[in-house]
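Novice: The primary structure of each chain is shown beneath.
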Amino acid sequence: MAVQKTISHRIQRQQDIVSYLFMLPMFIFFIGFVLIPMGMGIVTSLFNYTMSDFTFVGFKNYVNLFQDKVFLRSIKNTLIIVVVSVPLVTVFSLWVASVAYKSTSTVASWTRAIFYLPVVTGTVPVVVVWKWIFDKYAGILNYICKGLGIIDQNIAWLGNQNTAIWCILTILFTTSVGQPIVLYISALGNVDSSITEAAEVDGASPLRTFWQIKWPSIMPTTLYVVVITTINSFQCFALIQLLTSGGPVYSTSTVMYYLYQSAFTLYQYGYANAMGVVLAILIGLFSTLQFKTMKTNVDY
Amino acid sequence: MKKSAIVLLLIAAMVMPLFAQGAKEAAPAAQSAATTTITWWAFPTFGQAVPGEYEKSVIAKFEAANPGIKVKLETIDFQSGPDKITAAIEGGTAPDVLFDAPGRIIEYGRNGKLVSLDSLFTADYRKDVNNDELLNACSDGKTYWMYPISASPFYMGINKEMWEKAGALQYVNLQGDRSWTTDNYVKALKALHDAGFVGGSVYCGGQGGDQGTRALVTNLYDARIANSDFTKYTIDSPEGIKGLKLLKDLVDKKYLDAGTDIVASGELQLFSQQQIASTICWGTSNAKNYASKDFTALSVPFPSADGKPVLEYLVNGFCVFDNKDAARADAAKKLITFICDDKSVGPESVVKTGAFPLRSSFGDLYAGNDEYKLLASWTKYYGPYYNTMKGFSTMRTAWWNMLQQIFLGTSSVEQAAGDYVTKANAAVK
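Respectively, the protein sequence lines represent chains A and B. Per my numbering, the first sequence starts with residue 1, numbered consecutively. Per my numbering, the second sequence starts with residue 1001, numbered consecutively.
Hints may contain errors.
[Stated by the list, open to error] If you anchor each label on the Cβ, the simulated ranges turn out as follows: (1) A:58 with B:1229: 33 to 39 Å; (2) B:1363 with A:144: 38 to 44 Å; (3) B:1293 with A:151: 45 to 51 Å; (4) B:1229 with A:162: 55 to 61 Å; (5) A:145 with B:1057: 48 to 54 Å; (6) A:129 with B:1057: 35 to 41 Å; (7) B:1294 with A:285: 55 to 61 Å; (8) A:162 with B:1122: 55 to 61 Å; (9) B:1325 with A:52: 32 to 38 Å; (10) A:293 with B:1274: 40 to 46 Å; (11) B:1187 with A:285: 55 to 61 Å.
[As the list claims (entries may be wrong)] Here are the simulated lysine-lysine pairs, PhoX-like style, with alpha carbons at most 25 Å apart: (12) A:76 with A:292; (13) A:60 with B:1429; (14) A:69 with B:1429; (15) B:1070 with A:60; (16) B:1308 with A:76; (17) B:1352 with B:1070; (18) B:1254 with A:131; (19) B:1308 with B:1187.
These are calculated hints, taken from the structure and not from any lab test. We treat Cβ as the ideally placed atom computed from N, Cα and C, and that holds for glycine.
Using the sequences provided together with the hints, build the complete structure.
Specialist: This is the structure:
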């Protein structure tokens, strides 16, 4: 009996070692390309780190950040993007998925393909198309709006401080809904039909069936969609970089874009890293809040 | 046990390529005892259809003449190239040779990332160039960081047919060196507007090609971007404010368009598509890239109050990064002098850049070309080269934001110019 136990322990240990060895390459990459850079980012945010200087300044970068009007504007813009895009993306993708999953498999596949297209197309081609749409001189949006009598003069949609951020949000929306729709179609398809059928037999309305049966069942997917959309919205950068450079008058400047500008245009690496730390804290806070408020409802 | 061995082998197969890659990269280091290998990062400045094509032919000639040196070429683009260079500098993987303009190069030099090129600026060389403004553009005032090869002015382009149709061409001086006045510029813009054309676009959606907007603003009433000893940015001067106010007025009257959503490339496309009647970002390279068969593009200097423009200009040149290896630095210097000074390769390289040689000994490389003869006559209008000033990067970022504030009316001209100068001057200290 004792011998058998020893052999069993040895096999278990061997299996553990093999498992860890499988994890090792990824673990090395994680340490080298995630943990160490994160640590370096935090440490260097306490330095006046430029191309020629590396002096310890304590929390000066952080103090300066909160006195920097452009940074504060960038935080405000980032929060607008998050607050608007996350609920919109979640609700819209849930609506599309709830319609699509009940359709024939051809319709569901087409829906997935159409909404997933902007995701796989890549940011640059998507931005080029949208740039044409918003173009002041030859853009189709001006053409339509003028045709409908909404405007009488062409508008520089991306060059106006009142419209630019909404243009960014529109593009972000189209590139963000693809993955949640695919996930929701899959999640709704996996809801146990015997429970929904039982509810329907008991006289529950479709709305009640959705809220009391389906919604709790797809809560893990919703949590994932909300957290991922929040993180992506916080890190909105490529659209800004390619379309507006943070303008006009900083109306589309986000924390990620300002961070990039500080590091790569102005060579203020320490200051940029301080922004990175603040952004990470913000994302962490939002994500924790989402986990806390949504997890209790998760019913596995 | 057998199973575990297979698993371990699989893991080894996954991990080994990483070490193999390291070994592969280590191999050239072993060769370096015999040959010195240097890396050349090149922006697409030689104007060929396939990036790197001309550079490769130069490298072949250079390696044939210098058997102990191997040159690895990497082409970069203007969009992502600058970020790549910054990342490489901080990551300790900077190239040995870079072909760029003084704005960035002097910044790298001032921050101790480059090898001094003072030894290349001999008395003979300086005598051959014989232009202090151009030579000063290669230095931070103490050390030469860039070895120049060619230079060309930035100027305006106008759509001859549009201007003719609008009756605006009468206001342009088409005689001599074509210099003209601000008053005539305003009259021409009014004529264009009355004829239903958009006179031009003052693009300010980002940094690209911002020298064009600076040249326009400063020339209108003879303002300067910086003071004469390059210690202060000065667009808040009465002349600067007057120029900015005129521009705002022209935009408000719709004589000009405020390009708050485009940069120079967008404006050049509008010019090429005949959506606007003039461009403020014309140059030898853009004149080639945005040429159109549908209209005639006339080159004119920027209009100025007294008819004597002060032109901005491009200086192309090379720098050598300090990779703490004297052999590589020497090899890099050999390469850049070969490209710039070799009797055959030097003039050929200058022509490929589409600009004018700095060395007078190269003679007239564009003999018989009237356009280039005209452009060469504008050398006398070259202004002080402020791109090597401290805080240049900060100033550039603040510049187009200032124009946006003015055109969109979020700040008064005085307020916007004051904020811009405060920001830019803070970076000079």
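Novice: Hint by hint, note whether the structure agrees.
Specialist: Consistency of the hints with the structure:
Judged by the Cβ atoms, the range 33 to 39 Å given for residue 58 of chain A and residue 1229 of chain B holds: they are separated by roughly 35 Å. Taking 38 to 44 Å as the suggested C-beta distance range, the pair residue 1363 of chain B and residue 144 of chain A does not conform, at roughly 58 Å. Separated by about 34 Å at the C-beta atoms, residue 1293 of chain B and residue 151 of chain A break the suggested range of 45 to 51 Å. Distance hint for residue 1229 of chain B and residue 162 of chain A: a CB-CB separation of about 42 Å, inconsistent with the stated range 55 to 61 Å.
Range check, residue 145 of chain A to residue 1057 of chain B: Cβ separation about 52 Å, and the 48 to 54 Å hint holds. At about 38 Å, the CB distance of residue 129 of chain A to residue 1057 of chain B agrees with the hint of 35 to 41 Å. At about 57 Å, the CB distance of residue 1294 of chain B to residue 285 of chain A agrees with the hint of 55 to 61 Å. Between residue 162 of chain A and residue 1122 of chain B the C-beta distance comes to about 59 Å, which sits within the given range of 55 to 61 Å.
Between residue 1325 of chain B and residue 52 of chain A, the C-beta spacing of about 21 Å breaks the proposed range 32 to 38 Å. Roughly 57 Å separates the CB atoms of residue 293 of chain A and residue 1274 of chain B, a value that falls outside the hinted 40 to 46 Å. For the pair residue 1187 of chain B and residue 285 of chain A, the supplied restraint of 55 to 61 Å holds, since their beta-carbon distance comes to about 60 Å. For the hint linking residue 76 of chain A to residue 292 of chain A, the alpha-carbon distance of about 24 Å falls within 25 Å, and the restraint holds.
As the CA atoms of residue 60 of chain A and residue 1429 of chain B are separated by approximately 18 Å, the hinted pair is consistent with the 25 Å bound. Taking the CA atoms of residue 69 of chain A and residue 1429 of chain B, the gap is about 21 Å. The hint holds against a cut of 25 Å. With a C-alpha separation of about 47 Å, the suggested pairing of residue 1070 of chain B with residue 60 of chain A is violated against the 25 Å cut-off. Between residue 1308 of chain B and residue 76 of chain A the alpha-carbon distance is near 47 Å, which puts this suggested pair outside the 25 Å criterion.
A threshold of 25 Å between alpha carbons decides the hint, and for residue 1352 of chain B with residue 1070 of chain B the separation of about 23 Å falls inside it, so the pair holds. About 23 Å separates the Cα atoms of residue 1254 of chain B and residue 131 of chain A, which keeps this hinted pair within 25 Å; it holds. Among the hinted pairs, residue 1308 of chain B with residue 1187 of chain B is consistent with the structure: their alpha-carbon atoms are about 18 Å apart, no more than 25 Å.
The structure fails to meet hints 2, 3, 4, 9, 10, 15, 16 from the earlier list, while all remaining hints are met.
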